[in-house]
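One-letter residues, chain by chain:
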Amino acid sequence: MKDKLFRDILPQVSKPARYTGGEVNVIQKDWEQAEAKMVFAFPDVYEVGMSHIGGKILYGLVNEKSNHLMERSFAPWPDMEEVMRREHIPLYALESFRPLGDFDVIGFSLQYELSITNILNMLDLSGIPLWSQDREEGCPLVIAGGPAVFNPEPFAEFFDAFLIGDGEEVTLEFLDCVDKNRDMVRDELLKQLARIEGVYIPALYRVEYKDDGTIKRMAPLVKEAPAQVRRRVIEDLDKAYYPDKPVLPYMDIVHDRAVLEVMRGCQRSCRFCHAGMVYRPVRERSVATLKKQAAAQLASTGYEEISLASLSTLDYSGVSPLVKDLVKEYGPRGTGVSLPSLRVDAFSIDLANEVQKVRKTTLTLAPEAGTQRMRDVINKNVTDEQLFNAVEAAFKSGWNSLKLYFMIGLPDETEADLDGIIELCRKVKAIGDRYSRRPVEIRASLASFVPKGHTPFQWRSQNSIAELDNKRRYMMREKRKNIKLSFHDSETSYLEGIIARGDRRLAAAIHKAWQKGCKFDGWSEYFHFDRWMEALQEENIDPGFYNLRRRDYAEVLPWDFIETGIEREYLIEEDEKAGQGISTPDCRREGCRDCGVCMNLGVDLQIKEGRADAVES
Amino acid sequence: MRLRAEYSVGSDLRFLSNLDMMNLMARALRRARIPFALSEGFNPHIRLSMGTVLPVGLWGKREYFDLELEREMSINEFVDNMNQSLPPAMRINACLEIGIKTPALMNSINCACYSFVINDRTEQLELWKARTLQQEELMVKSRGKKKNLDKNLRPGILKIEVNRLQDFAIIDIWGTIGEPLNVRYDELRDLLLQTGIDKETVGDIYRSGNYIRERDKYYTPLEKVK
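Sequence order for the protein chains is A and B. In terms of the numbering used here, the first sequence opens at residue -1 and continues consecutively. In terms of the numbering used here, the second sequence opens at residue 235 and continues consecutively.
With the rest of the complex left out, here is chain A:
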């Protein structure tokens, strides 16, 4: 297999290093000796998949801490797929070059709703039935985890199991169960797996619908399946596994650097933010642990950059001492530190200056909305004053171009909010022009808001394509020098909105879209909106039912059975406060806001390095 690949196949395709494996720090376990055999399958190309921290964690965890085995597989780029289909080469794992069908478990990472077609394509390339019910004894279990499985329902019929929550908590338990019961018939094995907390087996539930199309009830069919599937949570990140020897790719990947996960979760309570809701509470790593992890990763990889990752790194209570120590320790040998996202305040800029003693290129800040009213609606607790202070600090210290992130299509949005975005850009530019010799350039990136399950906006309607396009035209009606607006594709957001709040009935349309050739839907050059709309129509699905419809608080939502720990009453209250433009403070600053997570999941907010830096803006 490998010989044929290297000799006949790879010379024909672009970027062949995607498909060769054999990287530094790769772990190839003995196939015969290993217990359960799992392949971590990422439904995008190698350079995207290899940038994902979750995959690195699971790969190291399974291979280093258990007798199970984990290999990797990624979606082949269309040119490679074509050659593979022509030459009858099944999708294979990069360690052993074995086809995916040889494994006990194929675990997909569902980072994004639109990667589902790539998953179907990868299963098809492996010769594995796409529908869970068509898989017979001996066929691998097809499972998924990741942020998009907090509403697993649109994908339910393609998967045998979903792992909900922190993967390092549940994966080994899952594999132990698979290995221990490998002689069991498939249906019995699935029942055993359903007993593990955080495991959802869709085949063990029945969903009934009302005449109006909404859900009447969803109930387990067997006693092993819990009515509510509770997400798994790591209690203490200092005790959790983190890889010291991540696989070092040969080719340039999207995030090609050592990564430290400084904390998990975020307590800022932005009402639109899915990750901010489903990964609560904040759990920090200590500076001591992170410094040890940095040393180990740099020694094993030789990376020249360390990135401090999390949902909001500047909120990490130890960020200042950590950055200073890392710069002092590794800077002299040319190894730098990077911050993936900055908070909108002057403290953040000072810290950015600390790490960016080098070239000052583009700085990115995310005010998210243009008016204070809208920022109160979405609970983005940033004031104009904080933003202007941050911008002033940035331009003063030599940055000369700035990128601002906004969303449009937010709940209760008016023209004044859109004007506010332009006005904000103008004011920011005026501050910049005061400090720079040349006129500064402001680039605003405008994403379209997509309501997600488990957030306070889960009942809200999403803007239609026409509404979004009107807003874009309105904002673009006059040209402004050195203020550039770029809008996300409204069709992509529209589709994302359908699937994000979809139910089991969407599966047929997803399958049909794949049959019509949809794949790599997250890549604009491969996105075919028309084919998706045809597929939905042919399956008699009204997309507006899923994305445009305002839901009632009493409605049973497809994802209600997934227990994130957050109380429904809290989400309702937050949605109502949004309507009134009342903001909710940060729970680590102002005390508990009763979202329910800590109590329901038996965990606690973990702030490891005091509060000073994290709190003061």
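Source of the hints: derived by calculation from the structure; they are not laboratory data. Warning: the hint list may mix true and false statements.
Computed beta-carbon distance windows for the label pairs [what the hints assert, rightly or not]: (1) Asp28/A - Arg325/B: 23 to 29 Å; (2) Trp29/A - Ser442/B: 49 to 55 Å; (3) Asp1/A - Lys381/B: 27 to 33 Å; (4) Gln26/A - Glu457/B: 38 to 44 Å; (5) Asp401/B - Lys0/A: 19 to 25 Å; (6) Arg331/A - Gly333/B: 24 to 30 Å; (7) Asp487/A - Lys381/B: 30 to 36 Å; (8) Ser484/A - Glu448/B: 52 to 58 Å; (9) Asp1/A - Gln368/B: 33 to 39 Å.
The C-beta atom is built at its ideal place from N, Cα and C for all residues, glycine as well.
Place chain B on chain A using the hints.
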């Protein structure tokens, strides 16, 4: 201290681009804790310069890089440490200290030898060689950035050797690199196919060496360090 190393790139790494190869080497230097010198300026980088680019798709028997160190280090220690941190498919074969004024690899390597493994060991190959070298023009379609132009390889082909072994033969072709005529391996392969070598018999292709040619003498970059 400045040193020059000769290394091999195994078949498993033949699909790496030049940038990949440079990153690989820089990261191996960091893992091996080599006291490399860093450039001045805002964006410091390792003072490492690689020889000619190994084309994507080929493995290489003898490739070269120059490296500056910020302090003295024994050559043996350097080689041992590097070989422990390089991927298994890559090895440093030899290394020596060179003077600060030794011309850079990029400026001194002017020819390379490409080797074609041919699954045919008949006398036909000797005849092919004689016939080829007799030609005044050897026209192919150019490859690379300026594609599909008529290109005469003949002035760039310096030497051909045919080694007939037990089960197969190896054709070594020495070609000029850089200006005025850059002979590419894929153009040489096209030439072989155009001049009577059966496509089915062409097996592995690799670069067996890089040389500094002075008149009819070929020196390896390790021999020519003054």
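A quick look at each hint next to the structure:
1. Between Asp28/A and Arg325/B the Cβ separation comes to about 26 Å, which falls inside the hinted range of 23 to 29 Å.
2. For the pair Trp29/A and Ser442/B, the beta carbons lie near 36 Å from each other, so the given range of 49 to 55 Å is not met.
3. Between Asp1/A and Lys381/B the C-beta distance comes to about 30 Å, which sits within the given range of 27 to 33 Å.
4. The given range of 38 to 44 Å is respected by Gln26/A and Glu457/B, whose C-beta atoms sit roughly 40 Å from each other.
5. Taking the beta carbon of each, Asp401/B and Lys0/A are about 22 Å apart, inside 19 to 25 Å as hinted.
6. Between Arg331/A and Gly333/B the C-beta distance comes to about 26 Å, which sits within the given range of 24 to 30 Å.
7. Separation of Asp487/A from Lys381/B is about 34 Å and conforms to the stated range, judged on CB atoms against 30 to 36 Å.
8. Between Ser484/A and Glu448/B the beta carbons are some 57 Å apart, a value that agrees with the proposed interval 52 to 58 Å.
9. Separation of Asp1/A from Gln368/B is about 38 Å and conforms to the stated range, judged on CB atoms against 33 to 39 Å.
In this structure, only the earlier hint numbered 2 is contradicted, and the remaining ones agree with it.
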